[in-house]
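For reference, the chains in residue letters:
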Amino acid sequence: MQRSTHSVLLLGSIMCALLLIAWVGSAFAAAAQGMYSISDYYSDLMGVIGGEWEQVGGLFTYLVGQQYFMWGFLLIISVIPLLFAGHLLIIGAKHFDHGGNQILFFPPLARIIHFIGALSFTLLVISGLLIVCGQFFGGGTFIRLARYVHIFGAILAVPAVLGMLVIWFKDMLPALCDIKWIFMLGGYLSKEIKPVPAKKYNAGQKMWYWCAVFGGLVMLATGFLIWGFGANLDIIRYSAIIHNVLGMVIVAFFLTHCYMSIFAIAGSLQSMKTGYKPEHEVHMLHSLHKYKESDVKPGDHH
Amino acid sequence: MNDMRHAKSLIFIGSNPPEAHPVSMQHILHAKEKNNAPIIVVDPRRTKLAAKADEYVRIRPGTDAAFMLGLINVIVAKGWEDKEFIRTRVSGYEEMLEVAKKYTPEEVEDITGIPAEQTYKVAEMLAKNRPTSLTWCMGGTQHTIGSSITRTFCILQLVLGNMGKSGGGTNIFRGHDNVQGATDMCILSHSLPAYYGLSDGAWKHWCRVWDVDYDWMVGRFKSKEWMNKKGFTLSRWFDGVLEGEDKIHNGGTSVKALIQWGCGSNSNSRFHDVKKAYNKLDLLVVVDPFPTSAAALCETDNVYILPAASQYETQGSVSSSSRQIQWRYKVVEPVYDSKDDYDIMKEFVTRLGFADQYYKNIKQVPEDITRELGSGSLTIGYNGQTPERIKKHMENWHTFDIDTLQAKGGACDGEYYGMPWPCWTEEHPGTPILYDISKPVNEGGLPFRNRFGDVATYAMSGRVENQLAAKGTCNPRSVVQGGYSEFKEVVPGTNWKTDLSQKTIKEALSKGMAPFGNARARCIVWTFPDQIPIHREPLHSPRPDIVERYPTYKDKADHYRVDTRYESEQAKNNDIVKNFPYTLTTGRQVEHMGAGAETRSNKYLCELQPEMYAEINPKLANDLGIRDGGMVTVESPEGGKIKCKALVTERVDETTIFLPYHFAGSWEGESYADQYPEGNEPWAVGDSGNVITNYGYDIITQIQATKDGLCKISKA
Amino acid sequence: MGRVKFLCDVERCIDCGGCVVACKEGHHIPVGVNRRRVVTLDSGKETEKSISVACMHCADAPCIAVCPVNCIYERADGVVLVDKKACIGCGYCFMACPFGAPQFPKGAVFGARGAMDKCTFCAGGPEENFSKEEKSLYGQNRIAEGKVPLCSGMCATKALLAGDADVVADVYRERVFQRGSGANAWGWNRAYKKKS
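Note that the protein sequences, when read in sequence, are chains A, B and C.
Quick note on my numbering: the first sequence kicks off at 1 and runs consecutively.
Quick note on my numbering: the second sequence kicks off at 1 and runs consecutively.
Quick note on my numbering: the third sequence kicks off at 1 and runs consecutively.
Source of the hints: derived by calculation from the structure; they are not laboratory data.
Hints are not guaranteed to be accurate.
Claimed, not checked - If the Cβ cut is set under 7 angstroms, some of the chain C residues that face chain A in the computed set are:
| # | residue |
| --- | --- |
| 1 | V39 |
| 2 | L41 |
| 3 | P62 |
| 4 | V66 |
| 5 | V69 |
| 6 | N70 |
| 7 | A76 |
| 8 | M95 |
| 9 | F99 |
| 10 | G100 |
| 11 | V109 |
| 12 | F110 |
| 13 | A112 |
What the hints assert, rightly or not - Cross-link-like lysine-lysine pairs, in silico, DSSO-like; alpha carbons within 30 angstroms at most:
| # | chain 1 | residue 1 | chain 2 | residue 2 |
| --- | --- | --- | --- | --- |
| 14 | C | K85 | C | K45 |
| 15 | B | K34 | C | K158 |
| 16 | B | K8 | C | K45 |
Said to hold, decoys possible - Derived contacts from chain C toward chain B, CB cut-off under 10 angstroms, selection only:
| # | residue |
| --- | --- |
| 17 | G17 |
| 18 | V20 |
| 19 | S43 |
| 20 | S50 |
| 21 | A156 |
Note that CB positions come from ideal geometry on N, CA and C, so glycine has one too.
Same shape as in the complex, but just chain A:
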C-alpha cells in the first residue's frame, strides 16, 4: 500500500523525491540525538553503505524485480501499434492534394536538427527496449552493444533536444485552439477532411514536443546519473525509476509520431525531407497558421 502511494508520488516529479530525502534526513538527525545503541549503529551503517535502502532501494527492487517496467514497455510497444493498425484499417490515412502550392514549414536548420533528433530517438528507443528486454536475448555482447548504442544515441540527442528547444519554443507555446483540437482529437477519428483548429503546430505535436524536449532533458539528466553513478545512491535509484517511467511515455509518443508521419498523413514524411507541406494539407490541418507569402512555392500544376 505504502509502496503504491510512493509510486504515485514519484511519477509526478523529482520534487517529491527531494522532499522524501529531506524527511529521511531529518528523521536521522532526530534519531542521532538519542542514545547511541548497537542497533543505531547498524542502521547508520546501512545508510552509509547502501543509502536508505528501506525507502528507495526496496522500492526500486520491487518495481524492477517484479518486472513492471519491462511489461510496461512491452505493453506499450504492442498495444499502440495494434491501435494504430486498427485506425489505419477502419479510418485510413488522410490524403491531401500534393499538387498545389507548397508552403515552407521546415527551414534547413530545423530539418537538420529534426534529422539528428529522429536518428538519436530511434537509436535510443530501440536500444533502450533491447536493454529492458535483455533477458530474452540472454544479455552478452548483443545487449552490451545496445548499451553502447544507447549512450551514443544520448550523445546525439543532446544537440537535437537543445536545438529543438530553441527553434520551436515559440511555436509550441500552448494556444486556446489547442483545447478544441484535443476535444476533437485532431479529427483523426473521422474519415472526413475538414479544417482542424491549429496554428503552425497542433496540440498533438505540441504535446510530443514538450514531452520530447523536457522529457528528453530529464531522460538525459537521469541517464547521465545512471551512466556515471554521479550522485548518491538514492538519487540514482530515483533516476532509474524516473528514467523508466518517463521512457514509457516517450516511447508511446514516439510510436504515435512515427505512425502519424509515416502512415496517418500520406506523404507527411516527405515534408521533413523537403521542408514543404502542400497548401491543402496546411489549410486543413493547420487552418489557423498564418504563413508569409515568401514561404509559398508555386505548385507544379498551376
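Use these hints to put chains B and C onto chain A, whose structure you have.
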C-alpha cells in the same frame, strides 16, 4: 604474545596494535572477551585501539613516567601492592617509593593532563584485575627520557607483582619483521651479538666463537681503543657527516660512506638534515628490495643501489617479539637481478679480502650461520635452538596449543613453540615467560638474573641491600632454596656466558638452577643518570612553567661519538611554545610499514592510504581556517617544513598534531618521484613527517625523540 | 551442508584492511574495484566502530531480481555469482543492493561500465572450475579447492567469519555467550530474512 590471552586486564601505553600489530589483536580481544579483561589505552591520540578500550586516557606526549609513578603512588597508598613479591624479588623498593610519593594524582594531572580521578580509577582497575599485561611501543621509548619511561613501566609491574606471571609482564611489540633477531644479534653500535658489550672479554669470547685470531681482529681497527668505543647510532649518523670532524669524536674524520641495508631513511628524525648529509657523503650504498627514499633524495651521483631479495626469496632463522625462533623457507628464487642478503654479504667480504676469516665455521648457508650465532649467544640462551630443532617445530605447527604454546604429543612434545629464548640446551623446551618461578628451570621457568653483584649500597639512602632473591624464593626443584649468584668457574677461567663447552650451563640445569643466578629485579640502576626514573620535560616543552621543576639532563659529550644537547637546548627554547604552540607526535598507519619503501610500492595498499596528512582537531582547524582535505604547512623549530593535507579528526586533541611517518617522494609539496630509478617510482608519494620531528635523543640509548616535539601549522 | 554466509563481528573488526588487500592481491582485482571494503563510522570518536562489508550472498537476493539479463544466479550452497560474459554493466544490481557490493570497472566504450564484479565467496564463476577463463574473469576458486574465502582466512582477529551458516552461527553464538552480549549479527536481517 599468546600469553596475553591470560591477562585479566591490559594496559597499552604508546602502543596502537590495530595499526602497528594487527595480528596481536586476536589475543588482546580474546582476553577482553573471555576474561572480561578491561583494556586501558594511554595515548595522546584516541587510536583505533581506544575504540576497543574500556578506558581511554589522553596523555600529554612524553609524560608517561609521571603517570606511571602516579599510579605506583596510588597503588601503594591504597595498599594494593604485592607485598610478598616485593619482599622476595624486588630491590631498591623503598628508595623508589620515596620518589614516587612526589607524584600525587594532582601533580600527575598538572604534568600529564590526566584528571586525578582517572589516575585513581586506572590504579583501581589494575589492582583489582590481576595479572595485568602491560604493552608499550615507540610511544613509550622515543623520548629524551625514554629509558626512564620504560623502567617506570617495569617498576609498575613489579609493584603489582605481575612480573614473571602468565597473563602479566611487559610486552614490547617489536616494530618490524625479525627486529627481535636483529636486536639479539646487536645490529647496533654499542655491543657485540647477544648483548656481550664491547669489552675485551666480549671480543675475545666472540673471536673464539668465530675461530678468528684475537690479534688479527685488533689489527682491523685504527687502534685498540676503538674496539671498545661505541659507534654512531642510526639516529645521529648524519650529524657525524654534518657537524664537522672536530665537533665529533670519531678519530678526526667525519662519516664519509654509508651503507643502508634494509633501512628506510625517512624514519630518521630531522629528515631535512639527513637529506643534507646524503649529499655530503662520498659514498652511499642502498641495499633493499625497493629503492628507498635515500636513493631518490640524494642529488649527487654517489649512490649505488643493490637490489636485495625479499623474505620470500631467501631462507633462514628469524626471531619474533616473543623471543621465538622460526625457520623461514624460500618460496621462489630471487627475481630479476636481485640477490639474497647472504650473497650480497659474501660479495662484500670477498672483495674486502677477509672471506677466509669470515666463513671459517660456515660451510652451509644459512644453517651454519644459525648454528654459529647460537653457539656464541649464551647470555640469552640461543644455543638450544639448532636449525634442526627449529625446522622440526615448523613441520609440527599443528601440535602446539594456541593458549600455552606448548606441544602436546608429537615430535615436539612438551616444547614451547619456537623455543623462546633462553633455551639453555638442546633438550630445553624454551622459556615462554621470562622470570617465571612457578616452573622448574628445566621446564621453562626462570628467576631474575643476577647481573649486578650480590650486594649493593644505594647512594641516595646509604642503605645496603642484598640483591639476591629472598630465602625460599626459587624455581621448583632448585638445589639452592633461595637466591644464588651466577655460575662461574665450573670450567676454570670462564663463567656461564663464556664457557663455550656449555658445561657451566648444564651444571646449573642439572641442579634445577638458572645459569645466571637468582636475584632481585632492581628499581635502582646505579649507572644511569636517573638511578630511579623520574619525569623530565622534553627539550622543547609546551609547559615552560614546569620545566624548572622537571628540568632535563646536563648536556652529554661524546654520546655515541657526537655531543648531545639537553640542558642548553631546553634553556635556549624556554619560550619556544609561543611560536610553535602544538605538540607533534608521529605514528603508524596499518597500510604502510616503516619508511614505506615496500608498502608504497604496492598499489593496493596505496589505494587504501594514498596520501600524506596531518591530523588536526576540528576546533583547532576551525580556529586556523583549515578545512578537512585542505593543504597545510607544518613547520619544525629546526626549520623543517612540509606540505600535506589536513585530516580533521577528534583523534587528536586541540594542542596536538599527528603525522604518519611512512611517506616520502615529495619535498615541501614538490614530488621528486622522477628521481627514483625508472619504473620504481612509488605509487604513493608525500612529504616525510620526520622532516618536522625535533632535536632530542634519549640519554642512554640515543633513540630519537619523535613523539613529543613541537610544531606550528598553518593553511598552505 | 546448508547455505554459506558471511558474518563480520563488529566487536572484533579493527579496521586493518587486511581482508580488502588479501582479496585484491588474491584475485588480481583492478584498483578502484572493491569486492570488499571496511567501513568505519565515527572515526576518532568514542563510538568508533568498523565493519568489513562485501556481497552478503543474500537469500532472495535483490540483485538477482532486478538484473535485466538474468546473469546473476544463486548456487545451491547459497553463493550468489554473476556471469560476466552475459552482464551488460547496466548497474541495476548496484541500485538494488543494500550493501553496495556490485562493483564496475571502467569500460572502454563511452566510459560505460564493464561487466559487474563482486565478491564470489572465492568460488570462481560459471566457467569450468580452475579453468584459465575462470581465473582471469573471477580470480581464484578456493571453495572448489576446499578452502575458506581469502578475506576471512586471513582476518587477524577472526572478526570476519565465512562458511556454512550453521557453523558460523555456532562460532558467533559461542562468542556472544562468552562476552554476554546480545548484539545482533550485522547484516543478517537484511541478507537472510525469510519472507513471511
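### Message
Next item in the hint list is C:N70. Is there a CB on chain A closer than 7 angstroms to its CB?
### Response
holds, 5 angstroms
### Query
Taken at face value, is the distance from the CA of C:K45 to the CA of B:K8 at most 30 angstroms?
Holds - the C-alpha atoms of C:K45 and B:K8 are around 26 angstroms apart, at most 30 angstroms.
### Pairwise hint evaluation, C:K45 against C:K85, where the allowed Cα distance is 30 angstroms at most
violated, 45 angstroms
### Task
With chain A as the partner, please determine if C:F99 meets the hint condition of a C-beta pair closer than 7 angstroms.
holds, 5 angstroms
### Message
Checking hints one by one. Is C:V39 an interface residue toward chain A, by the C-beta closer than 7 angstroms rule?
### Response
This interface hint holds because 6 angstroms falls under the 7 angstroms limit.
### Task
Under 7 angstroms, Cβ to Cβ, is where C:F110 needs to be relative to chain A, so tell me if that hint holds or is violated.
With Cβ-Cβ at 4 angstroms, under 7 angstroms, it holds.
### Task
Please verify that hint: C:L41, Cβ, nearest Cβ of chain A, below 7 angstroms or not.
holds, 6 angstroms
### Restraint status (C-alpha distance of B:K34 to C:K158 at most 30 angstroms)
holds, 14 angstroms
### Query
Was the hint right that C:P62 lines chain A, CB cutoff 7 angstroms?
holds, 4 angstroms
### Task
Have a go at the C:S43 hint: is there a Cβ in chain B nearer than 10 angstroms to its own Cβ?
This interface hint holds because 6 angstroms falls under the 10 angstroms limit.
### Task
Double-check C:V109 for me: the hint is only fine if its C-beta lies closer than 7 angstroms to a C-beta in chain A.
holds, 5 angstroms
### chain B contact restraint on C:G17 - CB to CB distance below 10 angstroms
Constraint on C:G17 satisfied, holds at 5 angstroms.
When the structure is compared with the earlier hints, violations turn up for hints 7, 14 and for no others.
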